[in-house]
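J.: Read off the chains here:
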Amino acid sequence: MQDILVVKNATKQFGGLTAVKDVSFIVQEGMRLAIIGPNGAGKTTMFNMITGEYKPTSGKIEFFGEEIQGLKPHSVAKKGIGRTFQLVKIFDELTVLDNVLMGILAQKLRFKPTEEQIYEADNIIKTTNLQKYRDVLGKHLTVSAKKRVGLATALALKPKILLLDEVMAGLTHVEIEEALQLLRKINSEMGITLVIVEHVMKVVMALCEKIVVISFGEKIAEGSPQEITQNRKVIDVYLGESKHA
Amino acid sequence: MFGSSRNLIIAAIVIVVLIAIPQTMSSYITYVVALAMLYAILTASFDLMAGYTGPLSFSHAAFYGIGAYASALLTLKVGMSFWLAFPISVVGVFIFSVIVGYPALKLRGHYFAVTTFFFGHFVYLVLLNSRDLTNGPLGLGGIKPPDDVFGISFASMNANYYLIMFFSVIIVSFLLVLVKSGIGRYLIAIRENEDLAEAIGINTTFYKVLAFGISGGLAGMAGSLFAHFFKLLHPSTFAWMTSEMVVIMALVGGSGTIIGPIIGAGVVTFILEFMRFAPEWRFIIWSVMLIVVLLIEPKGLMGIARRLRGGQ
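In the order they appear, the protein sequences are chains A and B. All residue numbers for the first sequence refer to our numbering, where the first residue is 1 and numbers rise by one. All residue numbers for the second sequence refer to our numbering, where the first residue is 1 and numbers rise by one.
Chain A on its own, in the form it takes in the complex (with noise of 0.2 Å):
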């Protein structure tokens, strides 16, 4: 398996706060691999130097062995990487299918949209089971439609690997079910990498072959769940803390 996404020794200080410090791993093509941590961890903000959305202060990271950090969020996208967000983001005054045809069109500019992009939009649309909402507008959905319709417009980047950032909170048990076989889906059917940041510890632990666990920025341990759930370090320092709240 090649690898996709390398980080090497990332850091991001803000001020005097170091947020993440002296992060590396390594994700393979085709994995599925969620970052774990408690609240205040860094995760987002790693997720944010992979996207462009912060500059990493030192370290680098490398997409298909291009260096990628420092670029602008829109590059970073145009290069294959999709991204939702944790406070989950659409355009909430567009239909679900404009919201999935925007994500296409955002790839190239053109007058309009063409029949065969409808029909991808469409083609996604069903693919996230979210036909019944198809001409609604983003504003009136539920928020675990909303959520789909996040990760459909992520798809429709046609990207080579997904970063999903806490998709599964505030879903019921029987939508995780359903968001659960839909990663999954995506995954092995659409070959797409999955990168998840998740406090769902079920979900991760069901989905995921390989974890990071962060702590205070910094990389405490990283393995398959099983080993992770076995580590003595993260037991102390998530997985136990869990246990109490």
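Some hints could be false.
[Said to hold, decoys possible] Partner residues aside, some chain B positions facing chain A, computed with beta carbon under 8 Å:
1) D147
2) G201
3) I202
It should be emphasised that the hints constitute simulated quantities derived from the structure, not laboratory data. Note that the coordinates shown come from a computational prediction; the quantities given were computed from them, not determined experimentally. Where is the CB? At the ideal position from N, CA and C, for every residue including glycine.
With chain A held as given, fit chain B onto it using these hints.
T.: Structure of chain B alone, referenced to chain A:
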């Protein structure tokens, strides 16, 4: 809004009425309609920025003023023909707005609005105090009407009126096509959610600055037309009040529709003119009306029209 036959018929009727006005109405009415058309260019171009792209700018009168003074000074002091000074001032204002917009648009929301407010005031102060160049508070007079072309003389007010009308129609059509195009779609994406637009691959900085540039350039075009129609410029025309007026007209008409702000420009210009009998009262009456309209329908007159038609 564009392409449906009913709207084309309405557009045709409006154009016929505009053509008929100088022939049938008094010169005072003609003057007011010309003013309304200049405001329509201002509000429609303002809408490209505030209504479609999102950031609220309070500096539209500044670009209007720079266009007016640039065109007037190029003809008066450099001795250029209007037909050369006109495109030069439009392109000049476009470039100038891009230079102003690039750093200013790094700010968002209120910060951007406040920055443009002060920039607008700065331009006003420069126009007011550069006495050697602009003649300051005394006003810049002696501006000539556009030179004759193809045997058409623009010396009369009516000919000048038709010139303004010609460019208004072209600019409005251009804006209507632009907002329906791929670029318009990107602008709407930026308005709806800038972070998401950027995350799906839209170069938001580029398109915001482009929209700001086009918006400013068209305001400059209105300024140039204004200068050669009224033939007298005074800095106060381009002060804060005018920028505020443009914002209000766009809000009353319904921003984000291009057509709405144009209707707003027409309605507001006429209301203000017809209330000249009570100069102390007109801004009070007018402000109350504005509040009432926005309380009833935040989307302005276009929102009310849509509701009456039973739309969303």
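J.: Against each hint, give a clear statement of whether it holds in the structure.
T.: Checked hints:
Of the supplied interface hints, the one on D147(B) is violated, with its beta-carbon coming no nearer than about 37 Å to a beta-carbon of chain A, more than 8 Å. Given the 8 Å rule on beta carbons, the hint for G201(B) holds: about 4 Å separates it from the nearest Cβ of chain A. At its closest, the beta carbon of I202(B) sits 5 Å from a beta carbon of chain A; the interface hint therefore holds under the 8 Å criterion.
Violated hint: 1 only; the structure is consistent with all others.
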